[in-house]
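J.: Chain by chain, the residues:
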Amino acid sequence: MFRAILYSQWKWSRLIVALGTVAAFVLPLVSLQGAARADRSPLEAAALLHAVQSWGTLYPLLATALGLLVAIATWAPDHRGRHIHALTLPLPRWRYVLLRFAAGATVLAGPILGIAVGALIAIAAATLPPGLHGYPVALALRFGLAVLVAYSLFFAVSAGTARTAGLILGLVAAVIVIQVFASVANLEFSVVDRLQIILVNWPGPLAVFTGRWMLIDV
Amino acid sequence: MSHAIETEDLEYRAGKRFALHGLNIHVPAGSIYGFLGPNGSGKTTTIRLLLALLRPQRGRIRVLDGEMPADAPRLLARIGFVPEQPHLDSTFTVREMLQFQAPFYRTWDARRAEDLLRQFQLDDQQVIGRMSKGQKAKLLILLALAQRGELLLLDEPTDGLDPVVRRDILFALLEYVSQYKATILISSHLVHELERICDWIGVLDDGRLLTETPMATLKNGIKRLRVKGAPPTLGDAPFVLLGRQICNGAGETWVVRDWSPEMAAYFDGIGASLEDVIDLDLEDSFVELLRASREAAGRT
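These protein sequence lines are chains A and Z, in that order. To get my numbering, take the position in the first sequence, counting from 1, and add 2. To get my numbering, take the position in the second sequence, counting from 1, and add 1351.
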């Protein structure tokens, strides 16, 4: 049963996964391309870290994009068929959703492996200046976690009906309206800041996307 | 008589304009039950309720040996379904769709699927999105039959298809029923088609079941009578008078239900004479039933 679901998932999202895997493999290699040489001075090592940090902003973006696109690909055919095929299959709805989720998470293993292999090769090929260390496994694990968080979030939203999407948009609109009123009333209260603290700062659910994504660090 | 489908006072409302009103359907096990009704009468909604795609607001649904929607996953393994609109993923090939369906059904009959592929002349490498309407209909029937369900729910499966494809599909259905003693509920507004294959008929209009009867009873029981000298008001008639129309000075035309020949004596009792009894085909019977029901409800 899972094999059948996984095959359909692969068929629907193979282009996204293939491109994502290539991008994930290339990103660590490019971020260290020609940068890591043993003859660098400590000052140049700082510049190297700065360059790696700049490239590092692409990892959470790639993770988010992959999570979003695979989640959309997971549900789009069911939405097109108004879920009739899925709902007439002889299994509980929660199990179908779980199988779909697992299938999407499985195909995302490709880009996560791509990061791991790319990062390991990049570190192996580079000669790091003294005091700097490579963290390919940690980077790959963090990327994996970020991809799964993004995928879970967008999977939940995509699984919903137009009404769910409306509710989410309504919630966002409500936050904006409250913020505008708070500003007009000169209140020392920022909903956006509060939300940012709750969601993005550790231990918020989106904390994995923030901070520095470093393939090499001190 | 055991029933493959039984509903009790089934109520469902969708928006302000459409509702099913206390639907009581009884589909005998092993029968081919024609679910007849005009567009928008509630046939598709009823089938969706039977499949637990919708939840009833009131009433009870019993399908095979379980309750819907409570036992849906278990029962759906024994029900083949062909929807009104093709719902399959259009990027799959026929072969991929067969391989997708098979693991979900313990009773999946791979040999029958291959036989039907040949019988329906379907190319297993063809992408579903590029298939004609007739080919898609055949594929849906193939999937429903290969899963070897005890009950088939078919929602206008031959609507808009050419006569050759319709004949192929109906032939496959009849063959399946004779082989597996399955029950079929087939909804349609193509009256002649149902007349050919069904042994029971349920007529639905505006969310209400007008009648549910064996096909033979419906066909033989609805008659057009030519009557002369009938009084304006009638006493207790042994039949159901569906309609009464005055002809140009030559008596009246009545449309009656539950007619049998011995009821002719009734006319002597009311001082009228029965001039003629005319048989109606299923289409005429269906139209007369609808007309009578709509007149009674004050609609046209």
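Any given hint could turn out to be false.
[To be verified] When the alpha-carbon atoms are kept at most 27 Å apart in a straight line, the in silico DSS-like pairs for lysine-lysine are as follows: (1) Z:LYS1570 to Z:LYS1532; (2) A:LYS13 to Z:LYS1484; (3) Z:LYS1570 to A:LYS13.
Hints were generated in silico from the structure; no laboratory data involved.
J.: Are A:LYS13 and Z:LYS1484 close enough, with their CA atoms no more than 27 Å apart?
T.: Judged against 27 Å, a Cα distance of about 24 Å means the pair holds.
J.: Regarding the pair Z:LYS1570 and A:LYS13, is the alpha-carbon distance no greater than 27 Å?
T.: violated, 51 Å
J.: Below or equal to 27 Å on CA atoms is what counts here, so check Z:LYS1570 against Z:LYS1532.
T.: holds, 24 Å
Of the numbered hints listed earlier, the single one contradicted by the structure is hint 3.
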